[in-house]
Amino acid sequence: LSLEDPITDIPMAVEVNVFQVSSAEYFIPISVRMPGSELARPRPAGDTKADIDMVAEIKDEFGVTMRNSRDRLSFKLDSTSAAEVARKPLQYETGFTVLPGNYIVKVLARDGTTGRIGTFLHSFVVPNLEREKARLPISTVVFSTQRVPPTDALYTVQQKIAVITANPLVEDGLRLIPSVTHTFSAGVPLFIYLQAYERDSTAPRPVAAFVTFYKDGTKVFATDSVAVGDWGPKTKARPIRIIVAPRSLTPG
Numbered sequence: 057l058s059l060e061d062p063i064t065d066i067p068m069a070v071e072v073n074v075f076q077v078s079s080a081e082y083f084i085p086i087s088v089r090m091p092g093s094e095l096a097r098p099r100p101a102g103d104t105k106a107d108i109d110m111v112a113e114i115k116d117e118f119g120v121t122m123r124n125s126r127d128r129l130s131f132k133l134d135s136t137s138a139a140e141v142a143r144k145p146l147q148y149e150t151g152f153t154v155l156p157g158n159y160i161v162k163v164l165a166r167d168g169t170t171g172r173i174g175t176f177l178h179s180f181v182v183p184n185l186e187r188e189k190a191r192l193p194i195s196t197v198v199f200s201t202q203r204v205p206p207t208d209a210l211y212t213v214q215q216k217i218a219v220i221t222a223n224p225l226v227e228d229g230l231r232l233i234p235s236v237t238h239t240f241s242a243g244v245p246l247f248i249y250l251q252a253y254e255r256d257s258t259a260p261r262p263v264a265a266f267v268t269f270y271k272d273g274t275k276v277f278a279t280d281s282v283a284v285g286d287w288g289p290k291t292k293a294r295p296i297r298i299i300v301a302p303r304s305l306t307p308g
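Adding 56 to a residue's 1-based position in the sequence shown gives its number in this note's numbering.
Worth flagging that the hints you see were computed from the coordinates, not collected in a lab. There may be inaccurate statements among the hints.
Stated by the list, open to error - Pairwise CB distance ranges (calculated): (1) P67 - D127: 17 to 27 Å; (2) M122 - A278: 16 to 26 Å; (3) R261 - L305: 43 to 53 Å; (4) L177 - A259: 21 to 31 Å; (5) V263 - P302: 20 to 30 Å; (6) T121 - T170: 38 to 48 Å; (7) V204 - D109: 17 to 27 Å; (8) V77 - H178: 16 to 26 Å.
As the list claims (entries may be wrong) - Calculated lysine-lysine pairs in the DSS-like style (CA-CA distance at most 30 Å, straight line): (9) K144 - K132; (10) K189 - K290; (11) K144 - K105; (12) K290 - K115; (13) K132 - K189; (14) K292 - K115; (15) K271 - K290; (16) K105 - K189; (17) K292 - K189.
For every residue, glycine included, the Cβ atom is placed at its ideal position computed from N, Cα and C.
Go ahead and model the full structure; you've got the sequences and the hints to work with.
Shown next, in the form of structure tokens:
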């Protein structure tokens, strides 16, 4: 992690989202996407186990390490499961709680058998939404085409968030898998999720939301307006969930 230049033996893409959990703290779920083909690389004869070490580190703008995590992702592979995993991406999820500020997250993945390494560096800003007075404060916007059980190993090999119910991306026992690459199939539903915050209110106010899509500056589609549900009693976060039906958008 101390190297400045990225190592690209294992290609990776990373997405960082920001959700307010109190007047001072923000929850930062981090999604790391890697090709499943990494697990199908040649291994010693008879070795059916694959291990990928994951390290994530968040530093502030002064280079001070604020949060870090380390994990080992283990797989048991036979010829059938290896072929299945190789066709699909792996998505690793972790999360941290931080204060407002400018940060850099660095993620490292290392194949314990082949020694191949991949790193990814991403800068992000956690705004102080308590200072937003002109507009309704909102979280980052998550786009996804997948809602899966938290134990679904084909999409996410381990969940490092301590309390699964505290993850805003989990609803009714299913986790929304952020699309790290932001590339979607037109033939499947597109799930859009964000939160609005009314921490200065004593009761929820009427709020409605819709999503508009533009292509080359021209409006091409807009969803129907939906009423936003009630807030969480602790965070006063109001979840906004919008679904774009299949074939609503053309490729582009």
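Going through the hints against the structure:
1. Taken as a hint, the range 17 to 27 Å holds for the pair P67 and D127, whose Cβ atoms sit roughly 19 Å apart.
2. Remark: the range hint 16 to 26 Å for M122 to A278 is contradicted by a beta-carbon distance near 39 Å.
3. As the Cβ distance of R261 to L305 is approximately 31 Å, the hint placing it in 43 to 53 Å is violated.
4. Look at L177 against A259: about 43 Å separates their beta carbons, and that is not inside 21 to 31 Å.
5. Roughly 27 Å separates the CB atoms of V263 and P302, a value that falls within the hinted 20 to 30 Å.
6. The hinted window of 38 to 48 Å between T121 and T170 is violated, with their beta carbons roughly 28 Å apart.
7. A C-beta distance of roughly 24 Å is found between V204 and D109, which places it inside the suggested range of 17 to 27 Å.
8. A hinted range of 16 to 26 Å holds for the C-beta pair V77 and H178, which are about 21 Å apart.
9. A C-alpha spacing of about 16 Å is found between K144 and K132, which places the hinted pair at or below 30 Å, so the restraint holds.
10. Restraint check for K189 and K290: the C-alpha separation of about 20 Å stays at or below 30 Å, so the hint holds.
11. Between K144 and K105, the direct Cα distance comes to roughly 18 Å. Compliance with the 30 Å bound is thereby established for this hinted pair.
12. Under the criterion of a C-alpha separation no larger than 30 Å, the hint pairing K290 with K115 is consistent with the structure, at around 28 Å.
13. At roughly 52 Å between alpha-carbon atoms, K132 and K189 are farther apart than 30 Å, so this suggested pair is violated.
14. Between K292 and K115, the direct Cα distance comes to roughly 28 Å. Compliance with the 30 Å bound is thereby established for this hinted pair.
15. Taking the CA atoms of K271 and K290, the gap is about 39 Å. The hint is violated against a cut of 30 Å.
16. With a C-alpha separation of about 53 Å, the suggested pairing of K105 with K189 is violated against the 30 Å cut-off.
17. Under the criterion of a C-alpha separation no larger than 30 Å, the hint pairing K292 with K189 is consistent with the structure, at around 16 Å.
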